[in-house]
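So the sequence lines, in the order shown, correspond to chains A and B.
Heads up, the first sequence is in the numbering used here, so the first residue is 38 and it goes up one at a time.
Heads up, the second sequence is in the numbering used here, so the first residue is 38 and it goes up one at a time.
None of these hints come from the bench; they were simulated from the model.
For glycine and all other residues, C-beta sits at the position ideal for the given N, C-alpha and C.
Be aware that a few hints might be false.
From the structure, some residues in chain A lie toward chain B, with a derived Cβ separation under 10 Å [said to hold, decoys possible]: (1) Ser145; (2) Phe154; (3) Asp162; (4) Asp386.
Derived CB-CB ranges, DEER-like [what the hints assert, rightly or not]: (5) A:Glu409 with B:Asn389: 50 to 60 Å; (6) B:Arg223 with A:Leu71: 30 to 40 Å; (7) B:Asn274 with A:Leu378: 18 to 28 Å; (8) A:Pro214 with B:Asp110: 48 to 58 Å; (9) B:Gln172 with A:Pro214: 52 to 62 Å; (10) B:Thr454 with A:Leu71: 44 to 54 Å; (11) B:Pro446 with A:Gln233: 48 to 58 Å.
2 protein chains.
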Amino acid sequence: MEVTRHNFAEACALLSEALDKASFVAIDGEFTGLHCKHKPNLFDSLEERYHKMRTGSLDFLLVQFGLCVFKYDGEKSRYTAYPFSFYVFPRPVNRHAPDVRFLCQSSSIDFLASHNFDFNKVFRDGIPFLTSLDQERLKELVLERHSQTEMANIASTTEKSPKFVSPPTNKALVDVPEEEKEFLERVCKDVEMFLQDDKQPHLSLEPCNGFKRKLIYQTVYAKYPKGVHLDSLPVENSRLKYICVSRASEEEKKKIDQLKLQTALDEVDEAAGFAKVIQMLSASKRTIVGHNMMLDVMHTLHQFSGPLPETLDDFKAMTNCVFNKIIDTKVLATSHPLKDLLPFSSLGDLKNSLSQTPFQVPKIVMAKNFPEYSAETEQLHEAGYDAYITGLCFATMANYLGSLVKTPPKGGRVSPTSHLMEPFMNKLAVHMINELPYINITGLDLQPDRSHVFYVTFPAEWKMSDIHNLFSSVGPVMISWINDCSAYVALNRRDLIRSVADIPSSPNHTIMGYAEYKQQVEYMTAP
Amino acid sequence: MEVTRHNFAEACALLSEALDKASFVAIDGEFTGLHCKHKPNLFDSLEERYHKMRTGSLDFLLVQFGLCVFKYDGEKSRYTAYPFSFYVFPRPVNRHAPDVRFLCQSSSIDFLASHNFDFNKVFRDGIPFLTSLDQERLKELVLERHSQTEMANIASTTEKSPKFVSPPTNKALVDVPEEEKEFLERVCKDVEMFLQDDKQPHLSLEPCNGFKRKLIYQTVYAKYPKGVHLDSLPVENSRLKYICVSRASEEEKKKIDQLKLQTALDEVDEAAGFAKVIQMLSASKRTIVGHNMMLDVMHTLHQFSGPLPETLDDFKAMTNCVFNKIIDTKVLATSHPLKDLLPFSSLGDLKNSLSQTPFQVPKIVMAKNFPEYSAETEQLHEAGYDAYITGLCFATMANYLGSLVKTPPKGGRVSPTSHLMEPFMNKLAVHMINELPYINITGLDLQPDRSHVFYVTFPAEWKMSDIHNLFSSVGPVMISWINDCSAYVALNRRDLIRSVADIPSSPNHTIMGYAEYKQQVEYMTAP
Ligand SMILES: Nc1nc2c(ncn2[C@@H]2O[C@H](COP(=O)(O)OP(=O)(O)O)[C@@H](O)[C@H]2O)c(=O)[nH]1
Ligand SMILES: Nc1nc2c(ncn2[C@@H]2O[C@H](COP(=O)(O)OP(=O)(O)O)[C@@H](O)[C@H]2O)c(=O)[nH]1
Numbered sequence: 038m039e040v041t042r043h044n045f046a047e048a049c050a051l052l053s054e055a056l057d058k059a060s061f062v063a064i065d066g067e068f069t070g071l072h073c074k075h076k077p078n079l080f081d082s083l084e085e086r087y088h089k090m091r092t093g094s095l096d097f098l099l100v101q102f103g104l105c106v107f108k109y110d111g112e113k114s115r116y117t118a119y120p121f122s123f124y125v126f127p128r129p130v131n132r133h134a135p136d137v138r139f140l141c142q143s144s145s146i147d148f149l150a151s152h153n154f155d156f157n158k159v160f161r162d163g164i165p166f167l168t169s170l171d172q173e174r175l176k177e178l179v180l181e182r183h184s185q186t187e188m189a190n191i192a193s194t195t196e197k198s199p200k201f202v203s204p205p206t207n208k209a210l211v212d213v214p215e216e217e218k219e220f221l222e223r224v225c226k227d228v229e230m231f232l233q234d235d236k237q238p239h240l241s242l243e244p245c246n247g248f249k250r251k252l253i254y255q256t257v258y259a260k261y262p263k264g265v266h267l268d269s270l271p272v273e274n275s276r277l278k279y280i281c282v283s284r285a286s287e288e289e290k291k292k293i294d295q296l297k298l299q300t301a302l303d304e305v306d307e308a309a310g311f312a313k314v315i316q317m318l319s320a321s322k323r324t325i326v327g328h329n330m331m332l333d334v335m336h337t338l339h340q341f342s343g344p345l346p347e348t349l350d351d352f353k354a355m356t357n358c359v360f361n362k363i364i365d366t367k368v369l370a371t372s373h374p375l376k377d378l379l380p381f382s383s384l385g386d387l388k389n390s391l392s393q394t395p396f397q398v399p400k401i402v403m404a405k406n407f408p409e410y411s412a413e414t415e416q417l418h419e420a421g422y423d424a425y426i427t428g429l430c431f432a433t434m435a436n437y438l439g440s441l442v443k444t445p446p447k448g449g450r451v452s453p454t455s456h457l458m459e460p461f462m463n464k465l466a467v468h469m470i471n472e473l474p475y476i477n478i479t480g481l482d483l484q485p486d487r488s489h490v491f492y493v494t495f496p497a498e499w500k501m502s503d504i505h506n507l508f509s510s511v512g513p514v515m516i517s518w519i520n521d522c523s524a525y526v527a528l529n530r531r532d533l534i535r536s537v538a539d540i541p542s543s544p545n546h547t548i549m550g551y552a553e554y555k556q557q558v559e560y561m562t563a564p
Numbered sequence: 038m039e040v041t042r043h044n045f046a047e048a049c050a051l052l053s054e055a056l057d058k059a060s061f062v063a064i065d066g067e068f069t070g071l072h073c074k075h076k077p078n079l080f081d082s083l084e085e086r087y088h089k090m091r092t093g094s095l096d097f098l099l100v101q102f103g104l105c106v107f108k109y110d111g112e113k114s115r116y117t118a119y120p121f122s123f124y125v126f127p128r129p130v131n132r133h134a135p136d137v138r139f140l141c142q143s144s145s146i147d148f149l150a151s152h153n154f155d156f157n158k159v160f161r162d163g164i165p166f167l168t169s170l171d172q173e174r175l176k177e178l179v180l181e182r183h184s185q186t187e188m189a190n191i192a193s194t195t196e197k198s199p200k201f202v203s204p205p206t207n208k209a210l211v212d213v214p215e216e217e218k219e220f221l222e223r224v225c226k227d228v229e230m231f232l233q234d235d236k237q238p239h240l241s242l243e244p245c246n247g248f249k250r251k252l253i254y255q256t257v258y259a260k261y262p263k264g265v266h267l268d269s270l271p272v273e274n275s276r277l278k279y280i281c282v283s284r285a286s287e288e289e290k291k292k293i294d295q296l297k298l299q300t301a302l303d304e305v306d307e308a309a310g311f312a313k314v315i316q317m318l319s320a321s322k323r324t325i326v327g328h329n330m331m332l333d334v335m336h337t338l339h340q341f342s343g344p345l346p347e348t349l350d351d352f353k354a355m356t357n358c359v360f361n362k363i364i365d366t367k368v369l370a371t372s373h374p375l376k377d378l379l380p381f382s383s384l385g386d387l388k389n390s391l392s393q394t395p396f397q398v399p400k401i402v403m404a405k406n407f408p409e410y411s412a413e414t415e416q417l418h419e420a421g422y423d424a425y426i427t428g429l430c431f432a433t434m435a436n437y438l439g440s441l442v443k444t445p446p447k448g449g450r451v452s453p454t455s456h457l458m459e460p461f462m463n464k465l466a467v468h469m470i471n472e473l474p475y476i477n478i479t480g481l482d483l484q485p486d487r488s489h490v491f492y493v494t495f496p497a498e499w500k501m502s503d504i505h506n507l508f509s510s511v512g513p514v515m516i517s518w519i520n521d522c523s524a525y526v527a528l529n530r531r532d533l534i535r536s537v538a539d540i541p542s543s544p545n546h547t548i549m550g551y552a553e554y555k556q557q558v559e560y561m562t563a564p
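Please work from the sequences and hints to get the whole structure.
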């Protein structure tokens with residue numbers, strides 16, 4: 038089901054129903070780009086990798102959030118799937134809302150475009166969103182503005198000079214610049230004439246800029262504390278505004294202001310938009326399943342909850358707080374015992390492998406009113422469909438693990454909370470780090486042995502062969518470039534680690550053990 | 038006429054025809070955003086403003102380039118208009134092409150979306166482009182790769198060890214890692230079997246990654262220098278590739294390689310795409326007309342010619358080199374004598390004002406095969422239409438200036454190269470700088486008197502009223518904030534400039550003359 042701001046409310050109701058008694062929820066995000074700035078390295082530490090992703094990926098925008106709820110029906114031994122594709126876009130609801138700047142990567146945009154992704158739907162009909170932080174900030178602004186209007190009116194009514202009114206009003210009232218005085222006198226004369234002649238229901242002043250409008254508000258209200266109401270209205274087909282003057286009793290004025298306040302507060306609630314879905318997911322405490330989902334999780338938290346923390350440990354805590362059970366199908370597919378059966382682990386390849394023996398895809402039906410996915414309408418890279426396929430892959434792999442144990446579970450179905458899933462729980466796959474396949478959200482991370490790895494610096498002209506030459510006495514090595522002038526070099530033969538010290542030194546190069554290098558970097562970048 | 042990559046070639050032919058004997062060309066760009074980072078200030082110098090725009094605006098993308106050629110028919114006393122809207126997008130044509138990262142500003146995207154801008158057309162069908170610089174770089178890469186293939190083949194044929202071959206090959210041949218040797222032996226065995234049995238027309242190897250493919254190329258060609266041809270082909274519906282082995286004579290191989298080279302070079306030419314239009318415009322030497330066109334010019338040069346220079350002077354030189362005659366209708370509309378007749382100078386307001394007396398819109402017909410714009414189909418903010426309206430406004434204002442002189446020109450028409458246009462030639466409007474309405478591309482810039490302006494620093498808690506208080510002894514002032522702790526303060530009364538020295542000093546604030554401050558900044562940021 039495609040969800041835009043036009044059917045967002047209905048979709049939320051459906052989702053809430055679906056989440057009730059759900060077995061798990063698969064998610065998937067589509068982004069305007071993946072990374073810039075930092076190149077990943079085979080020997081990154083997890084902390085380093087998190088830092089690279091946080092500073093190099095979060096400027097891109099998550100534009101489609103796919104979510105598929107899976108409910109299990111024990112009697113019929115089948116799942117019911119509820120796939121949603123939410124289009125999201127941070128349209129600024131008013132000029133106080135953050136005007137988000139986001140990055141796009143043209144290869145990613147091209148990739149989405151070539152899969153028929155509908156950008157117009159995102160930009161025209163996307164569901165807005167605010168982080169909780171921005172929500173609070175906007176509400177405060179609305180309230181402050183409301184109280185300013187009130188205070189300004191009171192201040193002018195009681196004719197206090199600005200010096201004697203309390204601080205908030207101080208902010209609200211401005212000194213009238215010399216060059217505007219004549220203009221304001223003219224406005225006051227017009228208003229006076231309007232008030233004396235009650236044939237006209239209202240008076241439209243000339244369009245003018247926001248500062249002049251502010252001056253008109255404070256001057257006219259000061260002069261006519263009672264019986265007048267001012268309102269800023271847009272000029273048709275233009276971005277200009279004009280002030281409309283009308284007669285209104287104090288009571289009417291209060292009512293109008295109150296209504297304005299309520300409308301503005303409702304607007305903020307509406308602007309919070311998609312963040313609500315993440316709050317619902319979080320509150321449901323369901324297991325969240327994704328494929329290679331580190332970036333999805335990072336973007337989701339950052340865009341809809343709040344800015345990601347600087348350290349990996351804080352990120353883990355935040356993740357666990359929002360989604361307390363997560364399973365990454367990439368971790369599942371690339372760990373023992375499944376990895377030997379699954380040569381390629383991209384989502385498309387995974388789906389293909391899992392549709393063949395020894396695997397058996399569980400029965401899944403679409404929920405009522407949700408469009409059926411068929412082989413022809415297959416839409417890989419549409420987030421809702423990808424989430425659906427991810428859930429399907431998860432259920433298939435989970436059941437396969439169940440089939441390996443002595444007493445397979447009833448109906449062959451393994452639930453995400455089964456003890457069989459424990460080794461895979463709360464582990465997020467990371468891409469291409471040597472012997473570090475995942476981040477452990479709720480436990481200690483792996484500490485791979487890096488004693489055979491060396492940090493090497495050299496002149497920019499050096500080629501791969503120069504490094505191989507340098508290390509020729511300690512046998513074959515693997516090189517992972519950091520930049521033109523440095524690289525990690527890993528020995529194939531760990532028994533030769535000690536012989537690295539015997540490599541003749543030269544003014545051209547330096548060689549340092551991995552641990553020693555890391556310590557030095559940490560020391561140099563410590564706060 | 039909407040132009041995408043599908044009808045780009047036809048459009049170029051049409052444009053080239055239209056440019057011949059054209060009177061002038063109006064242009065307009067649509068961007069994914071306008072500015073980030075630096076706030077403009079009323080008292081910026083032009084150099085400062087250029088710097089702010091260069092570093093804060095160029096990360097956004099120009100996604101639609103509007104261009105309208107105007108030809109004048111003296112006999113019929115009318116213009117013929119040729120409006121084009123080019124959709125442009127830097128799709129990476131191959132993985133060596135730059136994978137451009139660009140910024141979007143959500144308010145700008147929302148603005149375009151609300152005017153029915155078609156983002157799908159941009160991202161799916163946009164015309165690609167490369168700057169001249171990237172064009173050169175890509176061509177070199179193609180040639181290098183071609184010669185590498187040749188060299189690698191020769192190198193392996195002559196069985197030289199890598200040490201003795203010339204540098205380019207050194208780059209091309211890689212050492213075979215220990216762990217890949219077995220894999221390569223298997224591949225060689227398969228190839229051998231294939232060559233012995235000539236029933237099969239070709240042999241498809243298992244899909245594998247680029248590095249393994251590179252190893253296969255160099256190993257197989259080394260072992261079978263003659264009679265074998267390898268080619269990388271994509272696996273259907275996947276991003277994987279496999280190598281296809283076939284039998285081929287030396288001659289056939291050469292032919293295939295030559296064809297590959299030509300295809301790759303053609304690809305680069307095609308990738309240069311839209312840059313060609315700017316080259317055509319430049320070569321035509323026509324007067325280029327735009328409305329408030331500073332950003333349009335900056336983006337156009339930056340995106341299609343080459344990176345903008347750091348200094349304003351170099352930017353002027355570059356602009357003049359690409360477009361040697363430019364007229365900005367914003368400058369025209371806000372200068373004497375027109376400014377008194379035109380209260381608002383946004384393009385929409387300008388169009389409205391110019392359709393009334395004392396102005397007279399010249400007769401303009403659409404060129405054959407170009408869709409008519411009517412009041413109903415009016416599409417303000419579609420770049421081709423905006424360019425058309427800009428040209429219309431220009432012609433109307435130019436003619437009006439002609440009507441003011443003693444002997445009005447024949448047919449009432451003033452051409453862009455008329456001496457009446459000289460005061461407006463090569464001046465680009467800048468937004469909101471006090472007494473500095475434009476940048477003079479081919480002459481000296483205005484040097485407004487800033488002796489009444491002071492640079493003031495103060496505690497972050499200060500409000501407007503505190504500054505007014507500080508300056509109360511020298512009468513009313515205008516404040517232009519720089520940040521929380523500093524602002525420019527301009528006296529209304531220039532006769533009191535000297536009395537500023539008498540303002541009592543305090544540890545809270547500093548006051549410095551504008552010129553002195555600028556000098557200090559320049560001194561501190563000098564290279
Ligand atoms: N004193 C006073 N100022 C107001 C009132 N309403 C709006 N303003 C100020 O007038 C300025 C213009 O506001 P408005 O015309 O609503 O248009 P806006 O630019 O969309 O906010 C803002 O700076 C407001 O703070 C009011 O009732 N009283
Ligand atoms: N020695 C040699 N290397 C080649 C040849 N063709 C391609 N390669 C290398 O093989 C690698 C994979 O190239 P290819 O399979 O064409 O796919 P690509 O990843 O799209 O470039 C690249 O690093 C090429 O430099 C060839 O004819 N000879």
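If I claimed the Cβ atoms of Pro446 (chain B) and Gln233 (chain A) lie 48 to 58 Å apart, would that claim hold in this structure?
holds (53 Å)
Range hint 52 to 62 Å: satisfied by the CB atoms of Gln172 (chain B) and Pro214 (chain A)?
holds (54 Å)
Quick check on the hint: Phe154 (chain A) CB to chain B CB, less than 10 Å?
Status holds, d = 8 Å.
Range hint 44 to 54 Å (beta carbons of Thr454 (chain B) and Leu71 (chain A)) holds or violated:
Once the Cβ atoms are compared, 50 Å apart, the range 44 to 54 Å for Leu71 (chain A) and Thr454 (chain B) holds.
Do the beta carbons of Arg223 (chain B) and Leu71 (chain A) sit within 30 to 40 Å of each other?
Given about 34 Å between the Cβ atoms, the range holds.
Holds or violated: is the Cβ of Ser145 (chain A) closer than 10 Å to a Cβ in chain B?
holds (9 Å)
Status of the hint placing Asp162 (chain A) at chain B (closest C-beta pair under 10 Å)
This interface hint holds because 9 Å falls under the 10 Å limit.
Range first: 50 to 60 Å. Now tell me if the beta carbons of Glu409 (chain A) and Asn389 (chain B) are that far apart.
Taking Cβ atoms as reference, Glu409 (chain A) and Asn389 (chain B) lie about 53 Å apart, which means the hint holds.
Does the hinted range 48 to 58 Å hold for Pro214 (chain A) and Asp110 (chain B) at CB?
holds (52 Å)
Quick one: are Asn274 (chain B) and Leu378 (chain A) within 18 to 28 Å, going by C-beta?
holds (21 Å)
So, as I understand it, the hint says Asp386 (chain A) touches chain B; can you test that by seeing if any CB pair is closer than 10 Å?
It holds, given that the least Cβ distance between Asp386 (chain A) and chain B is near 7 Å, below 10 Å.
Violated hints are absent here; each numbered hint is respected by the structure.
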